[in-house]
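K.L.:
Sequence:
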Amino acid sequence: MAEDQASNVDLDENKFFTHLREIESAERRKDECVSGLRNARKLAQGAGVSLKEFDLIRKLNGFTRDELMSLINRLIQYAKYLRTPVIQQLEMFRPEEASEDEMLDEAYGKGVVAGKRGVETAANPWTLDNPLGQRWEAGRLDGAKLLQAA
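Letter by letter, the sequence shown follows residues 0 to 149 of numbering that gives the first Met the number 0.
Each hint can be trusted.
With a straight-line cut-off of 25 Å between C-alpha atoms, the simulated DMTMM-like cross-links for lysine to aspartate or glutamate are:
1. LYS115 <-> GLU101
2. LYS58 <-> GLU105
3. LYS115 <-> ASP54
4. LYS41 <-> GLU26
5. LYS41 <-> ASP54
6. LYS79 <-> GLU95
7. LYS58 <-> GLU119
8. LYS144 <-> ASP100
9. LYS79 <-> ASP65
10. LYS58 <-> GLU101
11. LYS115 <-> ASP100
12. LYS51 <-> ASP30
13. LYS58 <-> GLU31
14. LYS58 <-> ASP141
15. LYS144 <-> GLU105
16. LYS79 <-> GLU96
17. LYS115 <-> GLU66
18. LYS144 <-> GLU101
19. LYS115 <-> GLU52
20. LYS58 <-> GLU96
21. LYS51 <-> ASP65
22. LYS14 <-> GLU26
23. LYS51 <-> GLU66
24. LYS115 <-> GLU105
25. LYS79 <-> GLU52
26. LYS41 <-> ASP30
27. LYS58 <-> ASP30
28. LYS58 <-> GLU136
29. LYS144 <-> ASP128
30. LYS144 <-> GLU119
31. LYS115 <-> ASP104
32. LYS51 <-> GLU31
33. LYS41 <-> GLU31
34. LYS58 <-> GLU95
35. LYS41 <-> GLU52
36. LYS58 <-> ASP104
37. LYS115 <-> ASP141
38. LYS144 <-> ASP104
Hints in this document: simulated from the structure, not taken from any laboratory.
Given only the sequences and the hints, what does the whole structure look like? Please build it.
P.N.:
Given below as structure tokens:
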């Protein structure tokens, strides 16, 4: 079926080579990006960054507190299934619900990180009429100032 569709397309040699050049060019750019990424990771590792934990925290960075708590609870449950003793002990240290001040401090801290990363206001996970959104934005602005000062 795919062959029938391909044979019905008005394809000539010039179009074929145009697409071939575009694809090969994109592949070269991709290879350069992959090479740059590998070099950046090697530099980070050489500077003392543990890449396994670094990759994990980057994945978790966008999670809300509730999402992280849910994830941790699932990990503990799965660890029980696998009889992983060290993880099972984590149940003794489950964090309590955050106070409003802690939530505001957390929002500010996330904003600072966003500012240091060059993130724009539109990425604010809250609205600006929400105190958490206001604290995040204040943190983002402070983080951006730190980024500019560096």
